[in-house]
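Peer 1: Model the placement of chain B on the given structure of chain A, informed by the hints.
One-letter residues, chain by chain:
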Amino acid sequence: MLEICRLTIIESLRRRLTLALVGTTLLLVAVTGWAFAEIGRVSSLQGIERFSQFSILLLFLMLLFTGMLALTAVFTAAAAVAGELESGVAAAVLARPLRRGSYLIGKWLGLAAVVGGFALLAGAGELYVVSRVAAYAPPQPVAALALIMAQALLLMTLSMSLATRLSAVTSAIIATSAFFLAWMLGTIDQMGVALRYPTLMTVGEIGKILLPTNALWQAAEYYLEPSSLLAMARSFGIFVQNPFVALSPQPPAVLVWAGVWCLGVFGIGMWELARRQI
Amino acid sequence: MLPEANAGRSSLSGGYAVTQQLDRAAGGEPPAAIRTELLERRYGRRLALRGLSLLVPRGSVFGFLGPNGAGKTTAVKLLLGLVRATGGEGMVLGRPLGDPAARRRIGYLPELFRYQEWLTGREVLLSHAALAGVAKVERSEAAERALATVGLAEHGQRRVGTFSKGMQQRLGLAVALLGEPELVVLDEPTSALDPVGRHDVRGIIHALKDRGATVFLNSHLLTEVEAVCDEVAVLDHGQVVAQGRLDHLLEARGVDVEVEGLEVEDIERLGGRFSPPRDASFPQLDHRDVPALVQKIVAMGGRVHAVTPRRASLEQRFLDWLEVP
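So the protein sequences, as listed, match chains A and B. Take the first sequence: its letter number 109 is residue 109 in this note's numbering, and every next letter is one higher. Take the second sequence: its letter number 46 is residue 46 in this note's numbering, and every next letter is one higher.
Quick caveat, the hints were computed from the structure, so don't treat them as lab data. These numbers were taken from a predicted model, which means no experiment stands behind them. Note that beta-carbon positions come from the ideal geometry of N, C-alpha and C, so glycine has one too. Treat the hints with care, since some could be wrong.
[As the list claims (entries may be wrong)] Partner residues are not named here, just some residues of chain B that face chain A (Cβ under 8 Å, in silico):
hint, residue
1, L80
2, L82
3, V83
4, R84
5, P96
6, P100
7, R103
8, R114
9, Y115
10, S127
11, H128
12, L131
13, G133
14, V137
[As the list claims (entries may be wrong)] Far from chain A by the CB rule (all over 12 Å, computed), these chain B residues:
hint, residue
15, G197
16, D210
17, A227
18, P291
In isolation and in its complexed conformation, chain A is listed as follows:
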């Protein structure tokens, strides 16, 4: 299992995936730093309004970052699993005294190191540069980063499990579509809450159960919002019900469900790999 994990990490290094992710991180940090510096320079706002301006900008950037992270997780995982199964590399490896479950766990650990490392490095880099350039820090950056990373790992798990049966492209497309669909359902849920319309809320709840990625983003989002922004948002009422604002923290049950969901989907992947022809 650890050998498979080691090989997965070496593959990401040798195939220059790690290099690409480090390059992307540097670019993200540079663009974020530049944007905050420029906005800080030209903005005439002061005090709490300036503070809120930075917090909204950071939320947008982090939302885009989670999208980038999701795509990275999905495509990396699908290629790593389906690629080896389709090419025949896995046939030689799985003929060894290695259980298929151990093979998949090893892959998961290796990919989690790469994808999780990227999430933490790039996310922390962005928050750091914002704190240096704009003297702004979100209230709970560690919790927010942990949840953003969890969202990426959840999508990675989904993509891996699909790739034990489907081709890399198909798995990645399904996982990506599911990610955006969960986002749409999350938005519907928020609108349902704002309008107090039960049908929309039910659809949103079903969305959270089917794929809790958006719930994880909303949980992260809440930890990125300063109390002043939340107070302002609440004063606007239903007009701020949108995917870019979370007015309340996610209940612990959602986070527990995300963990259970992840384990369940991974279990299905293991079962599928165990019964398939190599």
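Peer 2: Just chain B, lined up with the frame of chain A:
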């Protein structure tokens, strides 16, 4: 239909012949490296393998023959646990099919040999040595030894992605030899090799046999099989149509004798045909009757220079078993 082909089919009908063989194996002969009974693999409605019953003695070089699409690779994957059987049963090295403990003692070269192209040849071997459970201190030496055996000693530091197809197949062979496995399964091991490479593979197979390993050679190259195998099984449309020792399967009636001092009539009285001055042929003679024939010729005043039993080619036998006109 040929007698040996009949025997092959009868073993399928009720498993009786194979059961007898298994009993024999249990009664003191060396245990089988592989034995399967009525092994079956179905894909939906299609039966890829129907009732495969095999007995591969330990220490033998076993040829597994068949035309394209006969089910050979499916059978190999079943033996290694890469595909699950939908019927029947089998044991490899005394363990159920796919058992990790048995796989620790098996080396495998897949038909589609692909290794991580971003690793060097040596790294591939070190990785497989780790997966095979070779002790950490022995891995480096085992990798070097395997590279040298397959003629890649000077290329161990090169990335696999830069290897030619033949070199990749040699690397696959090295992977299969790691850790001195008791059973080496080679699926079309020379498909990408030049004549020199094929010669080298024959040498490697002989060396494996010399150290007591069992070699399961899946191939449709009959000359290759004829050169190295002790026993063969022939698969067609998912079932065994002939199985046994190669020398027995290729045995044929008929003897050619180089003789002097006899007349045409003398040879005809013995049931043969004579082409003076020295060539006599006895097309119906059983090989076991050769000593008696030589004795009679000598008694009639003939001088025997050579006796050559006739032997069928594997290719001819193969076509007979597949009932190709």
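Peer 1: Restraint: R114/B near chain A, CB-CB cut 8 Å. Satisfied or not?
Peer 2: Constraint on R114/B satisfied, holds at 4 Å.
Peer 1: Quick one, is the L82/B hint okay against chain A at 8 Å, beta carbons?
Peer 2: Hint holds; L82/B Cβ to chain A Cβ min 4 Å, cut 8 Å.
Peer 1: Tell me if R84/B is really an interface residue toward chain A, meaning its C-beta lies closer than 8 Å to one of theirs.
Peer 2: Holds - the Cβ of R84/B comes within 8 Å of chain A, reaching about 7 Å at its closest.
Peer 1: Quick one, is the L131/B hint okay against chain A at 8 Å, beta carbons?
Peer 2: holds (4 Å)
Peer 1: Regarding the assertion that P291/B does not contact chain A, is the least Cβ-Cβ distance greater than 12 Å?
Peer 2: Nearest chain A Cβ is 49 Å from P291/B, so the label holds.
Peer 1: Using the nearest Cβ pair, does G133/B come within less than 8 Å of chain A?
Peer 2: holds (6 Å)
Peer 1: Can V83/B be said to touch chain A, with a Cβ gap under 8 Å?
Peer 2: holds (5 Å)
Peer 1: Is the nearest Cβ of chain A still more than 12 Å from the Cβ of D210/B?
Peer 2: Given a closest Cβ separation of 24 Å, the condition holds.
Peer 1: Find the nearest Cβ of chain A to the Cβ of G197/B and say whether that gap is larger than 12 Å.
Peer 2: holds (19 Å)
Peer 1: Closer than 8 Å between Cβ atoms is the bar; does P100/B clear it against chain A? Give me holds or violated.
Peer 2: holds (4 Å)
Peer 1: Please check whether Y115/B passes as an interface residue: C-beta within 8 Å of a C-beta belonging to chain A.
Peer 2: holds (6 Å)
Peer 1: Have a go at the H128/B hint: is there a Cβ in chain A nearer than 8 Å to its own Cβ?
Peer 2: Cβ of H128/B sits 7 Å from chain A, so the hint holds.
Of the numbered hints stated above, those contradicted by the structure are hints 5 and 14, listed in ascending order.
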